[in-house]
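*Asks:* Once you have looked at the hints, place chain B on chain A.
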Amino acid sequence: DAGVTQSPTHLIKTRGQHVTLRCSPISGHKSVSWYQQVLGQGPQFIFQYYEKEERGRGNFPDRFSARQFPNYSSELNVNALLLGDSALYLCASSSSRTGTDTQYFGPGTRLTVL
Amino acid sequence: RKEVEQDPGPFNVPEGATVAFNCTYSNSASQSFFWYRQDCRKEPKLLMSVYSSGNEDGRFTAQLNRASQYISLLIRDSKLSDSATYLCVVKSVGFQKLVFGTGTRLLVSP
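First to last, the sequence lines map onto chains A and B.
Under this note's numbering, the first residue of the first sequence carries the number 1, and numbering increases by one thereafter.
Under this note's numbering, the first residue of the second sequence carries the number 1, and numbering increases by one thereafter.
No lab work stands behind these hints: they were computed from the structure.
Please read all numbers here as calculations on a predicted model, not as lab measurements.
Please note that a few of the clues may not be correct.
[As the list claims (entries may be wrong)] Across the chosen pairs, the derived CB separations fall in these ranges:
1) A/R15 with B/R59: 42 to 50 Å
2) A/V38 with B/Y70: 19 to 27 Å
3) B/P110 with A/S96: 38 to 46 Å
4) A/H18 with B/K42: 21 to 29 Å
5) B/N55 with A/T9: 28 to 36 Å
6) B/S53 with A/N79: 44 to 52 Å
7) A/S95 with B/K42: 19 to 27 Å
[Claimed, not checked] Subject to a maximum C-alpha distance of 20 Å in a straight line, what follows is the list of computed DMTMM-like cross-link-like pairs (lysine to aspartate or glutamate):
8) B/K91 with A/E54
9) B/K79 with B/D39
10) B/K97 with A/D101
11) B/K97 with A/E51
12) B/K97 with A/D62
13) A/K13 with A/E75
14) B/K97 with A/E53
15) A/K30 with A/D101
We treat Cβ as the ideally placed atom computed from N, Cα and C, and that holds for glycine.
Extracted from the complex, chain A is given alone in its bound form (with noise of 0.2 Å):
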């Protein structure tokens, strides 16, 4: 069974520019969350969707934001880059809402803005 996917792998900007992330969750899954990896640091929550409802959101500026789709996938959206949103972003998926299930996470896309 495929796991949850991310694209791309790697990614470089510049500072201002904007990026696209994109997440597949496992089949099944109707619940997609975003965190950002920081070097040295654990994952941060940054959003959660559920039923392409925002059911959660971290402390994370408005240059972040994201979507799902009909099909559950998902977009995360930065604009404005700055150098210090370099970082891993992980994608998890899981099968409900707000339940004790395991979320499992995607390969991440690796963001470096110069």
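*Replies:* Only chain B this time, still in chain A's reference frame:
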């Protein structure tokens, strides 16, 4: 104060050693607790959930003390393949936000 605190290490141990990691969390509303393992430049993977009664999975034992808001992971008979970063994770009831600690790096040497 960080919501989940861990000793970043690294912990350098020889093969066969027993090593213990500790973690504290500050949100008393936390309901679910986990240890994730993350290999270098890879995604985190669930190692085990942690229950109040304590639980064991092979060489790994996890304990939770809700009163002290303290979580531990014990690895017995360390293998070279155990070298990784171990992330302590808590989740509050209500939605799927996982709160990660900084991670503890383990290096097992021959």
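*Asks:* The structure should be examined with respect to each hint, and the outcome stated for every one.
*Replies:* Hints, one by one, checked against the model:
1. A/R15 with B/R59: 42 to 50 Å: Between A/R15 and B/R59, where Cβ atoms are some 46 Å apart, the hint holds.
2. A/V38 with B/Y70: 19 to 27 Å: This hint holds: roughly 26 Å between Cβ atoms.
3. B/P110 with A/S96: 38 to 46 Å: At roughly 43 Å between Cβ atoms, A/S96 and B/P110 fall inside 38 to 46 Å, so the hint holds.
4. A/H18 with B/K42: 21 to 29 Å: 27 Å, holds
5. B/N55 with A/T9: 28 to 36 Å: 35 Å, holds
6. B/S53 with A/N79: 44 to 52 Å: 47 Å, holds
7. A/S95 with B/K42: 19 to 27 Å: 23 Å, holds
8. B/K91 with A/E54: 18 Å, holds
9. B/K79 with B/D39: Satisfied, since the Cα-Cα distance of roughly 14 Å is no more than 20 Å.
10. B/K97 with A/D101: Cα-Cα ~12 Å, so holds.
11. B/K97 with A/E51: 16 Å, holds
12. B/K97 with A/D62: 18 Å, holds
13. A/K13 with A/E75: Roughly 17 Å separates the two Cα atoms, so the pair holds.
14. B/K97 with A/E53: 15 Å, holds
15. A/K30 with A/D101: 12 Å, holds
Figure legend: structure checked against the earlier numbered hints; every hint is met.
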